[in-house]
Structure formats: C-alpha cells, structure tokens
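Visitor: Read off the chains here:
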Amino acid sequence: MANMAQAIRMALHYGETHLGVKDIFGEDVGEPMGGVFTATQGLKTSWNTPLDERGIIGMAIGIGLAGERCVAEIQFCDYIFNTIDLLKVAGNTLWSSNGQYPLSIVVMTPVGAGIHGSLYHSHSLDGWATRLPGWKVVMPSTPLDAYGLMLSAIEDPNPVLFLKSKALMRVRGAELIPGEPSDEKKLKSMIDAPIGDRSQWKPQWPQLEKFMIPIGQGKVLCEGNQITVVTYGRHALLAHKVAEDLLKNNRLSIEVIDLRSLYPYDWALIKKSIQKTGRVLFLNEDTEVTNFGEHLAYRATQELFYELLARPRVLAGKQLPGIGLHPNLEEASVPSAKDIQKILLEIAEEVP
Amino acid sequence: MAQTQVEKKMSTKKSNQVLHKKNKTRPQEKSLPLPKELLRSIYSLMLKTRILEERLIKIYKAGEAFFWIGGPGEEAWGVPLGLLCHKGQGPEYDFFHLHYRATPTLVAMGMPMIDAVRLMMNRSTDPCTGGRNFSGHYCYPQWNITPITSPIGIQYSLSIGTARVQKRHNSKGITIVSGGDAGTAEGDFATCLIWASRPKQELPILITVQNNRWGISTSYSTQHGEIHIADRGKAFNIPTHVINGNDPIETYIKLKEIMTYIREKGRPVLVEAMVSRLYGHSSASGTNFIPEEDSLQLFEQKLLKQGVLKEMEITEWKEKFELEGRQAQEQVRQEPAPQESDVWNHIYANNENGDWRNF
Ligand SMILES: Cc1ncc(C[n+]2csc(CCOP(=O)(O)OP(=O)(O)O)c2C)c(N)n1
Ligand SMILES: [Mg+2]
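Each protein sequence line maps, in turn, to chains A and B.
Under our numbering, the final residue of the first sequence carries the number 352; numbering is consecutive throughout.
Under our numbering, the final residue of the second sequence carries the number 359; numbering is consecutive throughout.
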C-alpha cells in the first residue's frame with residue numbers, strides 16, 4: 001500500500017500526464033530532493049523556486065490568470081502566513097472580475113502537529129483556510145483519499161487548498177490506488193528515489209487510473225448510533241481508533257465522520273448523523289477560538305436544536321501561541337486520544 | 001526598427017496621405033521624431049483620457065460615486081504603452097498587471113469611456129467588476145488585462161506567473177507590470193526582480209514603476225535611499241532605464257525599443273518613468289488640480305508649434321470627448337444597479353453555490 005506521500009506523488013504524476021498540469025513547484029520540490037516529504041519526487045514538471053512564499057503563490061495565481069493549471073507547494077503551512085493577502089486575492093479574483101477570471105490552481109501544504117515539530121512545524125491551517133471565501137479546502141486522512149482529492153483539486157476550476165497532515169505522510173491506508181501494484185516493496189522500487197546520487201534515476205510509474213473523490217463529500221469511517229464525531233486529517237484516524245476502543249470497552253457506539261472537504265463541507269452527511277445520534281463532537285487540532293468546528297457546532301445548534309440530546313462540543317487545540325517541542329508540551333496542546341475519549345464519555349453521560 | 005501595428009495603420013491611412021499632400025512642403029515634418037498621424041493620435045488619446053478622468057472627478061464631486069482614483073498626470077506614459085502592446089487574449093498576446101492609474105493605457109487600447117463611467121458608478125453593467133470595485137480597477141480578459149487590485153504591489157508577484165506561461169509557449173507576448181514608487185518597498189517588487197532573473201529561466205517581463213514621488217502623503221525623498229528605483233534592477237543584471245514619463249515621444253520611442261528587446265530576448269527590463277500626479281492621490285485627498293508638470297499641456301504646445309495640430313482641432317476634439325463623457329454619465333445613470341442576490345454570484349466557477357447555508 002502506498003503511503004500518503006507516494007499517493008500524492010502518483011496523483012501529481014497523473015495530473016501532469018492526464019490533467020494538463022504544467023508546473024509543480026515550491027521550495028525543494030524539484031530535483032534532487034523532490035519535496036521535504038518526498039511527495040514530488042520524479043515528476044517531470046516539478047521545479048525548485050526561490051525561497052519566497054509570496055513569489056510561489058504569486059506565480060500560481062499568474063499561471064491561473066494565463067489559463068493554465070499548476071500545483072504549488074508551501075513547504076510547511078507555518079510559512080504560508082506572509083501570503084495570506086495573496087490567498088485572499090486568489091479567492092476573490094473570480095468574484096471581483098464579475099466571473100471573468102477563474103483560477104484553476106492548487107496550493108498544497110503540510111499542516112498540523114504530531115511530528116515533534118515545535119513552534120514552526122506544527123501549525124494548523126484549517127481555521128484560516130475556511131476563512132478564505134472563493135477557495136475550496138480539502139484535507140485527506142488516507143492515501144487513497146489523498147489521490148482522489150488531488151485529482152479533483154486539479155480538475156476543479158477554482159483555487160483549491162490541499163492540506164496534508166504532516167503526521168500522516170508515512171501512514172499507509174487499507175485500499176489500493178487504482179493501478180498501484182499490490183506489493184509495497186515493488187512500488188517503492190518503482191517510484192521512490194534512491195538514497196545518495198539520484199542524477200541518473202528515473203521513476204517507473206505504474207499505470208495509474210483516474211479516480212476522483214468529489215470535493216464536498218465526507219465519509220463515515222465507522223457507523224454508530226450514540227455520538228457523532230465530525231473530524232478530518234490525522235484526528236479522523238485518532239477518533240476512529242478511540243471509537244473502536246470505546247465500543248469494545250464501554251459499549252459506546254460512535255459514528256466517526258471524516259469530512260475530507262472543509263469547504264464546501266458535507267452538511268447533509270453531518271445532519272443525517274446528528275439526527276440519528278442526537279449528540280455530536282467536532283474535533284480538530286487548530287486553535288480553539290474562532291475555530292472551524294465552532295462554525296459547525298453553531299450550525300448544528302441552529303438547525304438541529306430540538307433534536308439534540310446533549311450540548312454540541314468542540315474539542316480543538318488550545319489557544320496557545322505555539323506548540324512546544326517537549327512531548328509533554330505538545331500533548332497538552334492538541335487533542336490526544338485520551339482527551340477524545342474523556343469528552344466522548346462526558347457527552348454520553350449528559351442527561352438532557 | 002520595425003514599424004509597430006499602430007504606425008503601419010497610420011502610414012496607410014487615407015486621411016494621412018491627403019494631409020501629406022496638402023502640406024507637402026512643411027519643413028518641420030521631416031524633423032518630427034514620430035509620424036505626424038501617430039503624434040496626433042497620441043495627443044488625442046491623452047486628451048480623451050484627461051477629459052474622461054475629469055468627468056469621473058465631476059461625478060464624484062456631484063455625489064454620484066463613492067470614490068475616485070485614476071491617472072491624470074500619467075497620460076504621456078500610459079498612452080504609448082497602450083499603443084505599443086500586442087492586444088489580445090491568451091499567452092500569445094501581452095499580459096497586463098496594472099495599478100489604479102492605468103486609464104491612459106486602457107483608453108489607448110480602445111476602452112470606451114462609458115465603461116470607466118460604469119465602473120465609477122458601480123452599475124451592474126460595469127464590465128470589469130459588476131459594480132463591486134473602485135474606479136480605475138479595470139479587468140478585460142479579452143485584452144489580457146488581469147484584474148487591477150487594491151493591495152499595493154502584489155501585481156509584481158502575479159506577473160511572474162503569466163510571464164512563465166508565455167515563456168513556455170515560446171510566445172512573442174510579454175508581460176507588463178506597473179506600480180507606483182512607494183509600492184516598490186513591498187517585498188513583491190523584490191520578488192519580481194528575483195524571479196524574473198533566475199539564471200537560464202529569465203522571464204519576458206516589462207517591469208515598470210511610475211514614480212510620482214508620492215505615496216499618498218509620504219514623500220519619496222523621506223523613504224528611499226536609492227538614487228533611482230531602477231537601480232535596483234542592476235543587482236540582478238536586469239537592463240534598466242529611467243525615462244521622462246511626461247514626454248510621450250521619449251516614452252514611445254524608448255518603450256518601443258525596450259518591448260522589442262523583451263519580445264526577442266525573452267528577458268526582463270526595468271523601466272522607471274518619472275510622472276506627475278495632477279489631482280492628488282484620490283478623492284480622499286480632495287481631487288483638486290495640483291500644478292505639477294502637465295504632460296498634456298506641454299505636448300499640446302509642442303504640437304501646435306510644430307504645426308502638427310491646430311487650435312481649432314483641439315477645440316473640436318475637446319468638445320467631442322466632453323460630449324461623449326457627458327452622454328456616458330447620463331446613460332449610466334439610467335442603467336441598472338447590482339441586486340442584493342448578486343453578492344453570491346461568481347464566488348465559484350459556473351456559479352456553483354457559494355452560500356454555506358445551502359450546502
Ligand atoms: C498593501 C497596501 N498597503 C497600503 C495601502 C493603502 N494605499 C493605497 S495607495 C497607497 C500609496 C501608493 O503609492 P505609490 O505606490 O507610489 O503609488 P501612487 O498612488 O503614487 O501611484 C497606499 C499606502 C494599500 N492599498 N495596500
Ligand atoms: Mg507614488
């Protein structure tokens with residue numbers, strides 16, 4: 001099974017060979033490194049840029065204005081903040097031009113904590129990203145979803161932010177990407193660059209197939225009827241694990257929804273689930289004040305108030321200026337399995 | 001140097017030939033730096049632009065618009081640029097990333113006055129923004145005029161993208177980016193210089209700065225240690241020019257040469273044009289005439305002296321443009337305003353739903 005970095009790489013390869021992507025670029029994205037997480041190794045249209053995030057986003061918008069497709073990378077989302085006005089411009093270009101200038105561009109960036117990244121390799125972007133009207137925002141939790149969402153992001157006529165959980169880049173899924181060889185070692189030998197001198201190396205791409213996950217479509221990771229958990233990214237996997245444990249140990253039946261797309265988001269799926277369970281937790285690791293989960297909790301309260309059996313909860317990262325490096329600090333900053341379990345038990349016990 | 005499309009058109013014009021016949025023996029004509037019809041055309045476009053901007057200011061002062069910003073004082077710079085470009089849609093043609101003083105370029109490219117009035121008065125008929133944005137914030141995809149935006153300087157960062165696409169297409173189209181002197185302090189200006197001059201990846205960009213020595217109320221002399229902004233290009237081996245942007249002849253001749261160079265070499269050039277700011281920064285600073293060097297007046301005097309123009313013609317043209325502006329205003333008053341529901345239009349392509357309440 002491919003890991004997420006390999007899945008993204010294969011999606012980008014499909015994009016440059018089948019979907020008209022002409023440029024894949026960013027810091028250390030081209031040869032010899034192929035991206036700090038190796039997600040752009042061996043691609044024929046990838047190239048290294050100057051160390052200039054504003055230039056990277058500006059380049060992407062310019063390519064979009066010229067009517068072409070590209071995938072730009074910001075090396076870590078921690079360094080995307082000096083481009084925020086350019087992201088706003090990308091989001092308002094179609095609108096401000098009265099529908100005349102669509103921008104079919106993708107910006108991908110690693111997000112979140114979980115790799116001992118300290119202050120500047122642990123930021124989240126989902127809260128900020130969902131405050132960029134005009135952008136679509138996706139955040140996969142499995143390699144197959146990453147593949148399918150990247151293809152959709154590339155084909156989408158709008159700007160799409162593709163958020164990749166840093167902590168998931170080496171995680172493998174349970175499903176094969178269409179065309180992927182079933183032997184992990186074989187895949188590695190085909191598409192992973194060798195250690196050391198790579199100047200003569202060329203990848204051997206598998207015969208990949210088109211596989212799209214529509215933007216805006218969430219997925220139920222496990223069915224349940226007592227509490228709904230709405231989450232995404234690495235916390236989708238974490239919540240799934242907690243749900244399995246709680247079912248086994250506490251006979252608590254939890255439904256976990258992996259949103260996959262943050263904007264537009266799959267309200268129909270969320271609503272249906274809450275109507276079934278009457279209890280809901282919105283879970284993510286971005287800072288807790290003005291958090292995207294708060295928007296969803298607000299909507300749940302407004303639209304489903306009389307169907308709720310407990311207060312909707314948001315469990316998010318603490319409102320801190322950074323994530324500290326020591327594991328004690330990091331674990332205290334973002335929701336852990338223990339935190340998730342604790343709050344789910346609380347929700348379960350709440351009596352209306 | 002090869003003739004431009006405009007010059008070719010001019011030299012084959014019937015009226016031109018007739019004029020030449022009539023004034024066969026005029027001694028000055030031989031010594032004119034540019035074809036007579038071209039000079040007349042540049043003048044008339046400069047005049048048209050000025051009258052249009054003054055119409056927009058009147059609309060503002062009459063309380064029929066919220067805000068004015070524009071390009072009086074940049075006509076001698078902007079009109080030649082509009083005449084020299086390769087106008088069209090897509091990478092084969094020139095791309096523009098302009099700022100809010102670009103009316104002269106747009107008028108020279110053929111924008112009808114009424115469009116600027118529609119933008120000024122935020123009508124739903126405003127072809128650039130549908131009533132969403134300020135005056136001067138033009139957008140014409142059919143001419144590669146990418147949306148003019150408010151954040152100062154960002155156009156320099158966007159320009160590298162269209163230029164890269166042109167480079168890939170091996171096109172003769174170039175990218176033209178312009179901004180003000182104060183805005184060059186933004187990092188985007190450095191971005192443009194750096195990305196346009198990467199070794200073996202040079203980009204076909206005409207990087208321009210219109211130096212009017214002001215950023216709203218802040219004087220250039222208090223914030224810039226460099227002698228010329230253009231000098232910053234030298235560190236990147238980018239050819240640089242400082243030109244008198246109040247002289248349309250100098251501007252036309254130099255720009256023609258420079259644009260030909262960029263088309264042929266596929267490399268960037270940085271041009272700093274010294275210009276005036278004749279009605280202050282914007283309506284926020286009063287929009288009263290400020291007695292700086294006025295390129296329109298100077299050019300008019302020159303052409304009158306050389307016999308290229310007659311007083312009578314100037315009066316006629318003025319009346320014609322005045323009338324066009326007045327009629328535009330009257331018509332636009334009658335045109336529909338945007339509707340409340342229009343806020344949800346064009347957030348996403350194909351008018352896909354942008355309102356989360358409907359997800
Ligand atoms: C990023 C940004 N900062 C501040 C402003 C407010 N502002 C609008 S115009 C302007 C001055 C620009 O001066 P200059 O670049 O010289 O252009 P000019 O107006 O003189 O043509 C400022 C500060 C802005 N629009 N964008
Ligand atoms: Mg200025």
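Source of the hints: derived by calculation from the structure; they are not laboratory data.
A couple of the hints might just be wrong.
Claimed, not checked - Simulated pairs of lysine-lysine, BS3-like, Cα-Cα distance not exceeding 27 angstroms:
#1 B:Lys-200 <-> A:Lys-44
#2 B:Lys-265 <-> A:Lys-44
#3 A:Lys-22 <-> B:Lys-254
Keep in mind that this is a model prediction, so the values were computed, not measured.
Visitor: Between B:Lys-265 and A:Lys-44, is the straight-line Cα distance small enough, at 27 angstroms or below?
Guide: Given that 27 angstroms is the threshold and the Cα spacing comes to 26 angstroms, the pair holds.
Visitor: Would the pair B:Lys-200 and A:Lys-44 pass a check requiring their Cα atoms to be no farther apart than 27 angstroms?
Guide: Roughly 18 angstroms separates the two Cα atoms, so the pair holds.
Visitor: Given the hinted pair A:Lys-22 and B:Lys-254, is their alpha-carbon gap at most 27 angstroms?
Guide: Judged against 27 angstroms, a Cα distance of about 35 angstroms means the pair is violated.
Checked against the numbered hints listed earlier, the structure breaks hint 3 alone; every other hint is satisfied.
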